[in-house]
Amino acid sequence: MKIKNILLVGVGGQGTILVSKILSTGLLQAGYDVKMSEIHGMAQRGGSVSTQVRYGEKVHSPIIGIGDADILVSFETMESIRWLEFLKPDGIAVINEHEIPSAPILSGKIAYPKGVIEAISEKVNTKVINAAEISEKLGNTKVMNVVLLGALIKSMNLTDIDWESIIKDLVKDKFVEINIKALNAGMEAV
Amino acid sequence: MKKLLTGNEAIALGAYEAGVHYASAYPGTPSTEILENIAPYKEIVAEWAPNEKVAVESAIGACYAGARSLTAMKHVGLNVAADPFFTMGYTGVNGGMVLISADDPGMHSSQNEQDNRYYARMAKVAMVEPADSQECKDMVIKAIEISEKYDTLVMIRMTTRVCHSKSVVEVGERTEVPIKPYKKDTSKYFIAPAVAKQLHLVVERKLVELEKFSNETDLNFIEWNDKKIGVISSGVAYNYAREVFGDSASYLKIGFSFPLPMEKIKKFAEEVQTLYVIEELEPFMEEQIRAAGINCIGKDKIPNTWELNPDIVEKSLLGTQKPTIDYDKNVAVGRPPTLCAGCPHRGFFYELSKRKNVMITGDIGCYTLGGTEPLNAMDTVVCMGASISMAHGAKKVFEKNNDDKRLVAVIGDSTFFHSGMTSLLDVVYNKSNTVTCILDNRITAMTGHQENPGTGFSLQGDEAQITDIETIVKALGIKHVKTINPLRREAMKEAMDWAFALNEPSVVITRYPCALKKYSEQDIEEFGPIQGICEVDQEICIGCKACARTGCPAIHFQHEIKKSYINEAQCVGCELCMQVCPVKAISKVGV
Chain A
0 MKIKNILLVG
10 VGGQGTILVS
20 KILSTGLLQA
30 GYDVKMSEIH
40 GMAQRGGSVS
50 TQVRYGEKVH
60 SPIIGIGDAD
70 ILVSFETMES
80 IRWLEFLKPD
90 GIAVINEHEI
100 PSAPILSGKI
110 AYPKGVIEAI
120 SEKVNTKVIN
130 AAEISEKLGN
140 TKVMNVVLLG
150 ALIKSMNLTD
160 IDWESIIKDL
170 VKDKFVEINI
180 KALNAGMEAV
Chain B
0 MKKLLTGNEA
10 IALGAYEAGV
20 HYASAYPGTP
30 STEILENIAP
40 YKEIVAEWAP
50 NEKVAVESAI
60 GACYAGARSL
70 TAMKHVGLNV
80 AADPFFTMGY
90 TGVNGGMVLI
100 SADDPGMHSS
110 QNEQDNRYYA
120 RMAKVAMVEP
130 ADSQECKDMV
140 IKAIEISEKY
150 DTLVMIRMTT
160 RVCHSKSVVE
170 VGERTEVPIK
180 PYKKDTSKYF
190 IAPAVAKQLH
200 LVVERKLVEL
210 EKFSNETDLN
220 FIEWNDKKIG
230 VISSGVAYNY
240 AREVFGDSAS
250 YLKIGFSFPL
260 PMEKIKKFAE
270 EVQTLYVIEE
280 LEPFMEEQIR
290 AAGINCIGKD
300 KIPNTWELNP
310 DIVEKSLLGT
320 QKPTIDYDKN
330 VAVGRPPTLC
340 AGCPHRGFFY
350 ELSKRKNVMI
360 TGDIGCYTLG
370 GTEPLNAMDT
380 VVCMGASISM
390 AHGAKKVFEK
400 NNDDKRLVAV
410 IGDSTFFHSG
420 MTSLLDVVYN
430 KSNTVTCILD
440 NRITAMTGHQ
450 ENPGTGFSLQ
460 GDEAQITDIE
470 TIVKALGIKH
480 VKTINPLRRE
490 AMKEAMDWAF
500 ALNEPSVVIT
510 RYPCALKKYS
520 EQDIEEFGPI
530 QGICEVDQEI
540 CIGCKACART
550 GCPAIHFQHE
560 IKKSYINEAQ
570 CVGCELCMQV
580 CPVKAISKVG
590 V
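So the sequences go chain by chain: A and B.
Position 82 of the first sequence, counting from 1, maps to 81 under numbering that gives the first Met the number 0, and the rest follow consecutively.
Position 114 of the second sequence, counting from 1, maps to 113 under numbering that gives the first Met the number 0, and the rest follow consecutively.
There's no promise every hint is true.
Once the Cα atoms are required to be at most 27 Å apart in a straight line, the calculated DSS-like pairs of lysine-lysine come out as [stated by the list, open to error]:
| # | chain 1 | residue 1 | chain 2 | residue 2 |
| --- | --- | --- | --- | --- |
| 1 | B | Lys353 | A | Lys108 |
| 2 | A | Lys153 | A | Lys136 |
| 3 | A | Lys20 | B | Lys544 |
| 4 | A | Lys57 | B | Lys353 |
| 5 | B | Lys179 | A | Lys1 |
| 6 | B | Lys492 | B | Lys478 |
| 7 | A | Lys141 | B | Lys314 |
| 8 | B | Lys544 | A | Lys113 |
| 9 | A | Lys108 | B | Lys517 |
| 10 | B | Lys517 | A | Lys20 |
| 11 | B | Lys516 | A | Lys173 |
| 12 | B | Lys517 | B | Lys583 |
| 13 | B | Lys41 | B | Lys179 |
| 14 | A | Lys20 | B | Lys2 |
By construction, these hints were calculated from the structure, which means they are not laboratory data.
Because the structure is a prediction, the values reported are computed rather than measured.
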């Protein structure tokens, strides 16, 4: 099988790390070789963050370059356009309809860009999801990240892996149920 | 059992399995998690040292005393520790010792991208370079073996992508080894000139032996495929090469990279038609290979700036590129890192940014962000501890030039302990009228909240003596010291006015915990719990943007209605915005 490349992008504090942990654990259990790379440090202070997960029979490089990702999952709307050049022209973009204004926008210097989702939809296979709204309906906006994981799993045809048991292993007991609900809701949403 | 581990986690596991007894480090991205992951092993004494030089010297002491020891640091940390490191090259070891240098190609969190492989060559110590997490673990075990067998320090050179990438690791058992007996041996451990002269001869002989080992060890292995293209590579660059050329090229993968296996390289080069040397950063191997009379292609095509990835290798050597989506990249507004909501540094920089005719020398930590938009309250950042000494030198020159410019040095608590104390001694001794500001947020924040000598806890969670900064400052000879809460604007302004009016050096300590810090009992007692959050009454708000100019990420100036809004999920109620609002439109709710 050809190696698959997943690129998760967002803003520091959005929970991409837990998602990549669940994802890579599941892929490993399914028998794939897995490599994952993320950048720590300055990104924790509200900067743009990215995580790359690669899986297949034998993975060498932990990172990808431009035009390499099979799927781009953007936890924040504007981040999708920052990272779009990493997506294959025939890849899938999953975009969370959720705006987090960055410092130049907060200070009133620049307006949040309009029409990001429309612009990307014209270029590539795009799935839009409002994970904030879904997680709010579930009763905890903190599971927005796992809603997006659900959308990712469905889009990459990885639904055969026993994600529920992995969530049970990796998430604190009292949050297991809501995370499983979030995962399922994400799968249904795309 | 197989586990998915980062390179740093795998190094920690390797240290455990290798029977390491003692480990010491100073935090620094991308190396920090090595010691954090060693700390839970009760079999190992693991410590945060105040700086990298102290960490290396402590590990040398442990090694001479017979322990298997480890020390880890980011690349620039080895600059700080270079003195003991070079001498260690001459003395060799008693118990095995490894030093991990975590380089940062691409400068994700660093001030330069120096290639520390040159350090191993210069200090004449052996070096290994892991390419993934399994190799990280295996190479710690192997490095300890090599260290003891050849009586040499072994440097393990990692890079950000090796440190922070996860890959599969087979978990093993710890081999417990007794601590070796210590025997006084001045001909080995007492580096007076007469001893050093002899030891230089010894180390040259060791290097001959190590080169022989390098040619024999399977840490340097050949993978024969098609012989039209041969690739010599090491570290993560090998993975990129493997990705680009697949089974269409032959490989000599270098895991033991100093001394290089020149005989093996010669044989490999003779068999292949075109030889590529693929290295991230500098032509460390290429220069030596060319000097041995072997022709190759390397840095003439592959950039020596920034980190590599498979695409850069492909484009450089094959000239091909993957198709990408064509779109306007400029649509995305920048997302620079900022000081967090409630960060005590914001109050400090907000006040400092108002001062005229100043030069502000900064330092390394979260507070470096005080030099960026919208606060812009910093002129320089060079290296750990430089703020205080640079302010001293600059003040001397301005004075000599009859310029009354004031000099303000800005340094964090952990950085002050790291290398600010000796700089402040210089300010006192050589008399410069500078204002040194020590931003004490009660933790080493930037690298992810490590304990330090001021916090009251050790790396392994034991209670520790709290070193009091004010006491140190006074003991160094500073006569004018004030400690204040930087989030109280009046107090902050008063302290600056006071310091600027003095004709002698002064120190202002801003003492308030990092907004993300988990409060200790002592913190709660001293600072109390923070209650409530701030809210804007948009009826009163005049849209002047004064609150937005503090740069707080919880404050959003809403363009359409020209009013400020505070994000209740982000606000921690520090009250700085309340104090800068000219019409009192912001109040505290939920108290």
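So, going through the hints one by one against the coordinates:
1. B:Lys353 to A:Lys108: holds (20 Å)
2. A:Lys153 to A:Lys136: At roughly 21 Å apart (the allowed maximum being 27 Å), Lys136 of chain A and Lys153 of chain A satisfy the hint.
3. A:Lys20 to B:Lys544: Violated, because 41 Å separates the two Cα atoms, which is more than 27 Å.
4. A:Lys57 to B:Lys353: violated (57 Å)
5. B:Lys179 to A:Lys1: Since the Cα atoms of Lys179 of chain B and Lys1 of chain A sit roughly 51 Å apart, the hinted pair is violated (cutoff 27 Å).
6. B:Lys492 to B:Lys478: holds (20 Å)
7. A:Lys141 to B:Lys314: violated (41 Å)
8. B:Lys544 to A:Lys113: holds (23 Å)
9. A:Lys108 to B:Lys517: violated (34 Å)
10. B:Lys517 to A:Lys20: With Cα atoms ~24 Å apart, Lys517 of chain B and Lys20 of chain A stay inside 27 Å; holds.
11. B:Lys516 to A:Lys173: It holds: about 24 Å lies between the C-alpha atoms, which stays within 27 Å.
12. B:Lys517 to B:Lys583: Outside the cut-off at roughly 31 Å; violated.
13. B:Lys41 to B:Lys179: Given that 27 Å is the threshold and the Cα spacing comes to 19 Å, the pair holds.
14. A:Lys20 to B:Lys2: Measuring from Cα to Cα gives roughly 12 Å; hence the hint holds.
Violation of the numbered hints given earlier is confined to hints 3, 4, 5, 7, 9, 12; the remaining hints are satisfied by the structure.
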